Amino acid sequence: MPGASLSRWSLSYFAAAVVFLLAGQVLMVFGFGYPAAALRAPDTLLVVHCVTIGWLSLLMCGALFQFVPVLVVRPIYSNTLPLPALLLILAGLAALLASFLQLGGHLPVIPHCFAAASVLLGSGFGIVLWTLGRTLSAARPLNLPARFVAIGLCSVAATVTLGILFTLAFGGYTRAPFALELLGRGMPLHVIAGLGGWLTFTAIGVSHRLLSMFMLSPELDGASTQWTFRLGTLALAIVIIAGTVAVIARAGLNAVLVTAGLAGAGTLALYARDVVQLYRKRVRRVIELNSRMAGIALGHLAAAAVLTFACAVSGGFGQYGGALIFLVSFGWLSGLGLAKLYKVVAFITWLECYGPVLGKTPTPRVQDLVVEPRARTWFWLYFAAVDVGTVCLLARAPLVFRAAAAGMLLASAGIALELIRTRRLANVSPALRLPQGTRLPRLLFTFVAN
Amino acid sequence: MTDFVELDVRPVLRAGGEPFGQIMETVQGLAPGQGLRLFAPFKPTPLLQVLGSRGFAHEVTKLGESDWQVDFTPSASTGARTGADAPADLPRDGVWPAPVREMDNRNLDPPEPMVRILAATETMKKGEVLAALLCREPVFLFPELAKRGHGWRGAMESDGRTYRVLIRIGAGQDASK
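Residue numbers (my numbering), protein chains in the order written: chain G, 1 to 450; chain B, 1001 to 1177.
Quick caveat, the hints were computed from the structure, so don't treat them as lab data.
The calculated lysine-lysine pairs, modelled on DSS-like cross-linking and capped at a C-alpha distance of 27 Å, are:
{"id": "1", "chain 1": "G", "residue 1": "360", "chain 2": "B", "residue 2": "1126"}
{"id": "2", "chain 1": "B", "residue 1": "1062", "chain 2": "B", "residue 2": "1043"}
{"id": "3", "chain 1": "B", "residue 1": "1147", "chain 2": "B", "residue 2": "1126"}
{"id": "4", "chain 1": "G", "residue 1": "360", "chain 2": "B", "residue 2": "1147"}
{"id": "5", "chain 1": "B", "residue 1": "1147", "chain 2": "B", "residue 2": "1125"}
{"id": "6", "chain 1": "B", "residue 1": "1125", "chain 2": "G", "residue 2": "360"}
Label-pair restraints from in silico Cβ distances:
{"id": "7", "chain 1": "G", "residue 1": "434", "chain 2": "B", "residue 2": "1123", "range": "21 to 31 Å"}
{"id": "8", "chain 1": "G", "residue 1": "143", "chain 2": "B", "residue 2": "1064", "range": "21 to 31 Å"}
{"id": "9", "chain 1": "B", "residue 1": "1102", "chain 2": "G", "residue 2": "286", "range": "22 to 32 Å"}
{"id": "10", "chain 1": "B", "residue 1": "1123", "chain 2": "G", "residue 2": "365", "range": "12 to 22 Å"}
{"id": "11", "chain 1": "B", "residue 1": "1162", "chain 2": "G", "residue 2": "130", "range": "35 to 45 Å"}
{"id": "12", "chain 1": "B", "residue 1": "1062", "chain 2": "G", "residue 2": "309", "range": "45 to 55 Å"}
The structure displayed is predicted, hence computed values, not measured ones.
Think of the CB as a built atom: it goes at the ideal place given N, C-alpha and C, for glycine as much as any other residue.
Work the whole structure out from these sequences, hints included.
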């Protein structure tokens, strides 16, 4: 059947993701990991992976299972495989977090925990890549947003592969010189491939289409946007391919990172131009909360670019790298993720519940499923707390940072409650809530008839 | 050498009209062996399918930015079904009547276009056709149309910004390839 159906398991990914977001923030409130511990300390790595795999990657996977079919106007390759993938990733993440707890001395030693994490995470992400890759390959030639996603998927493959090599080398499973070199010096490649390639580049591609859809702006696929894609792909190829070769060959990484950084800066400048066009040329003058908050998140991406530039010029990556990763993860990626989640959950719920009876009986609008003024307060609190947190990390004020993390936790919990209310149709007036022929959607998965 | 009857639907379309009925009337009036040379402001993808199912081969030529020429030639092997040679009792599933309702949903927030289209289909009779303009392919609408037993044909117009969909009530999946 042409067209796209609802993704059965995306809501399960979103729910698991939000749990890990809250868990990561709880750890920060209690002063676990950076800045109390060093940036590469096991406790910090635990918090980082809780946020990047547990929250951001699960969120992105869930979003792509729903959104890739929309991008390419074809059904997903499988609406079933995402469930085993989710279970494998959750098991692998649990093993990885347990491994970091052992390293930090919080847990007694459990043999082969790192190896188990590698196998489980590798297979989980492997199934994700297979499902999305088959969906994309059936839709070739790909349109521009789908090509961004394809490069994002290559980047997650690289990130996971590097991560697996780190754990194998670290756990003593391999003594191969290239793996030891990568473990020693390859960390920046893992971080850039993950945060820059997988999460940011995919988000850039998806945001082109989502912003244009929800603000009624013209689609951008002109020469400028083509160059955003080419330059970004080049930057990622330089970091991942040339960077890996340089590390294995024991050559310096600086030239690689500077070249990739210049290409990356060009990509972001072109993307900024695209975004300004999307907002300016929109037909819809009054935009919804999700588009306004996406704008704030985009502002944080710009701030992160400026901070990266400042660190590159002053050689301050060692000192301010933690603040930079925090700003990218929470100001940009999580901010955009929460903003779009707020819309997507409402849309999926509306379509699942009311799609079958549209036109046959009065139904609520998508916007009747949400109460924007209430959610707006949580979003503003969230971004304010992120900004205070970033400043605290830059200024080395760990106690105030924990207070900021508490603000983020409170705001995220508030947004999570709004998502649950949306899913349970709690904001819809009782008279319209469940007309004949409809049923209340389940909280954790989508009922798909096919 | 095929003898072509020429039909230029560019003025009708530019005036906001719907030339489908006129095209089908012209096809009905073709003599055996005669072809149709159509001039349109975009590549008329749905029509290629419609006339293809009636045994016409087509050759599309882009004359300019919004000028297309399509030569429909009756295929010798199948024998195209024009008005002159088609038996009266032949099924006419490939031919859709002119739309009884037109909608311009291009400036509506998603999912309002889908809501309006489904609401309209509930008020129409079996066999009637609804035409709608949208600003992108309505991916979530198609499964819902299929569930309700309606057929559809759609294509992006040459400006790359308008998706035109024709929906035939109760026509099932026969034409929605």
